[in-house]
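J.: Chains as they are written, first to last, in our numbering: chain A, 692 to 983; chain B, 692 to 983.
Worth flagging that the hints you see were computed from the coordinates, not collected in a lab.
Please note that a few of the clues may not be correct.
Claimed, not checked - Distance windows between CB atoms, simulated:
1) A:702 with B:871: 43 to 49 angstroms
2) A:982 with B:731: 55 to 61 angstroms
3) A:882 with B:718: 42 to 48 angstroms
4) A:739 with B:758: 52 to 58 angstroms
5) B:759 with A:738: 46 to 52 angstroms
6) A:977 with B:699: 50 to 56 angstroms
7) A:929 with B:840: 51 to 57 angstroms
For each residue, glycine too, the CB sits at the ideal point set by N, CA and C.
Each chain is listed here by its residues.
Number of protein chains: 2
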Amino acid sequence: MELIDGNRIAAEITAELKAEVAAIPGRKPCIALVRIGDDPASVSYVKRKEKTAAEIGIASRVILPPASIGQKELESLVDRLNADPEVDGILVQSPMPGPLDERAVFQRISPEKDVDGLHPVNLGKIGQEDDTGLVSCTPAGVMELLARSGVSLQGKHVVVVGRSLLVGKPVALLAMRKKPPANGTVTVCHSATADLSAFTRQADVLIAAIGRPEFITGAMVKPGAVVIDVGVNRVPDPARKTGYRLTGDVHFPSVAPIASKISPVPGGVGPMTVAMLMKNTLKAHRLASARR
Amino acid sequence: MELIDGNRIAAEITAELKAEVAAIPGRKPCIALVRIGDDPASVSYVKRKEKTAAEIGIASRVILPPASIGQKELESLVDRLNADPEVDGILVQSPMPGPLDERAVFQRISPEKDVDGLHPVNLGKIGQEDDTGLVSCTPAGVMELLARSGVSLQGKHVVVVGRSLLVGKPVALLAMRKKPPANGTVTVCHSATADLSAFTRQADVLIAAIGRPEFITGAMVKPGAVVIDVGVNRVPDPARKTGYRLTGDVHFPSVAPIASKISPVPGGVGPMTVAMLMKNTLKAHRLASARR
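Take the sequences, apply the hints, and build the full model.
T.: Take a look at the structure:
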C-alpha cells in the first residue's frame, strides 16, 4: 500500500505556481476573500488561503463585512468586485450567516472570477468538456491527486460514493472526460443506492464523498483498489483538547491494508483544495489577460 | 414485453400543452426558429417544430438567414432575439454551415431563452438540481418517457451507454437527481469502457446513446430490463426509396423479447424531443412572466 500524500503534492503545486507567478510581467494575480462574520472555522480557512496566496506571490484582498450585511448589500459588493479589473478571483467563504441566500451570491459572481467553481456555468463547462471554465477546488484536487500519483482512469471503473453538488457530481463528470488521464467508466452511488457494497467492491478507483465517518470499510473494497477519501467529519473525542478529531469517510485501518494506494484524512484531499484555489486564481488572471 | 410508444406519449404532452397555452391570458408563448441554409434534414426538422407549435398555440417566428451569414452577423441576430420581449425561446437549428462556430452561438443565446438547453449554465443547473433551468430536449424526453411509462429509477441501476454532451451526460445527471422518479444509481459507459457487456448486463434501466446502429444485442441485456433507445442511425437500404432506413442503437429483434419495456426507433425518443422543446418554450414564457 502506498500513501497518497496530499501535503507533499500540494506543496509541489504551490512551488510550481510560485515560479509561474514570478514569471508574470506586470500586475500579479489577485484574489478577493470575502468573509462575513466571525465563524471560527471560516476565520481559519480564510487565514490559510491568505497565507498560501502570499507564499505564491498572489495578492489577496480580505474583505470583512459584518454578519448583519443584507443580501442586496452583499450582492453590490460582489458586483463591485466583478467590475474591478484588478481582481481576478472572488471567493465568498461558506457558510454565510443564516438569512443570506448563498446560491444567489454564488450565481452573482462573474463566472470568469468564480475561483471556487460554484457558478452553474462552470459546472456546465465541465460537462461540455470546455476547458475555459474554472473547476471547483475539491473535485479538481481529487483529480490532481490521482494524476500526480500516476493513476490513469482509462479503462478503469471509477465509483463515486456521494452525489453532492460540490464533490460527487463534478468529480464524476471530470472522471468521464475523454482526455486522459480521465476517460474512466463512472458509477455514482448515494444514500438511496440498493446494495452499495456490490458497487463499491467493483471499483478500481473508489472516491468516498458521502459525509459519513468511516463508512467505507475493508469488506466494501476490492483488493488493489485506489481509494480517495474526500470526507471531513468531526467525531467527538474527549481525549483531545478540541473535543473532536477529524475523520474521513473511509475506515482507514481496515481499508489501507488491501488498497494499492490510499489518501488519508487529514493530509489527503484537504491540503489540495487551497492549492487548487490558487491554481484557479492564476487561470482566471491568464484568461483575463487573454481577453484584453 | 411492453412497447414504450413515443408517438402516443408525445401526443399526450402536446394536448396538455395546448390546454395550458389556451389558459394563458394575454400574449402567448413564442419561439424563434433560426435555420441557416437549406440542409434538407434541417428543413424538415424546422417544419415539424413549426407545425407542432401551431398545433399547441405557440407562436413561431421562422428566420432564414442565408448559408453565407457570418459569425458576427449571426451573433447580432441572436442578440436582437435575446433582447426582444416578445420572443420566449430561441432555437438555432444544428448543424450550422461549416465555418460557423456552433458552440459560440449556443453560448450567446440567453440562458432564459435557450429552449434547446445547450448553454452550459443550463447543463450546470441540472447538476445543481436547480429547477429554474431549461433541460435539453432529448434527455428531458428520455426522462419523460420513463416517468409516463411508470418506471421509477429509485433503487435502480441505470446504465447510460454514451457520454455525449447532448445526451449521455445530461441524462445521467437527470437520473441521479434526488427527486423521484429519479434518484437512480447511475453508471456512464462509453467507447473506452473495458468489458462493456459486464456493465450493460447489470442495468435495470439501460439507456443506449452511443450512435452505433444495433450495437446493443440481447446478450448484453439483463432479462426484465427497461431499454430506452436514443440512437438515430441511417443505415443504407437499397430496398427503400430514400436509400436508407432509420435504426437505433439497440438490436430490437434480440433485445425486445427479454426486455420488460422498450422504446422503438422510430417512434420512441424521437417524437418526444419536439414535445419537450415546446414544453421548454412554455416554461421560458412562464419564467419571463414571473420576472416582470
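J.: Next, verify each hint and record whether it holds.
T.: Now the hints, each set against the structure:
no., hint, in the structure
1, A:702 with B:871: 43 to 49 angstroms, "holds (45 angstroms)"
2, A:982 with B:731: 55 to 61 angstroms, "violated (40 angstroms)"
3, A:882 with B:718: 42 to 48 angstroms, "holds (44 angstroms)"
4, A:739 with B:758: 52 to 58 angstroms, "holds (56 angstroms)"
5, B:759 with A:738: 46 to 52 angstroms, "violated (59 angstroms)"
6, A:977 with B:699: 50 to 56 angstroms, "holds (53 angstroms)"
7, A:929 with B:840: 51 to 57 angstroms, "holds (55 angstroms)"
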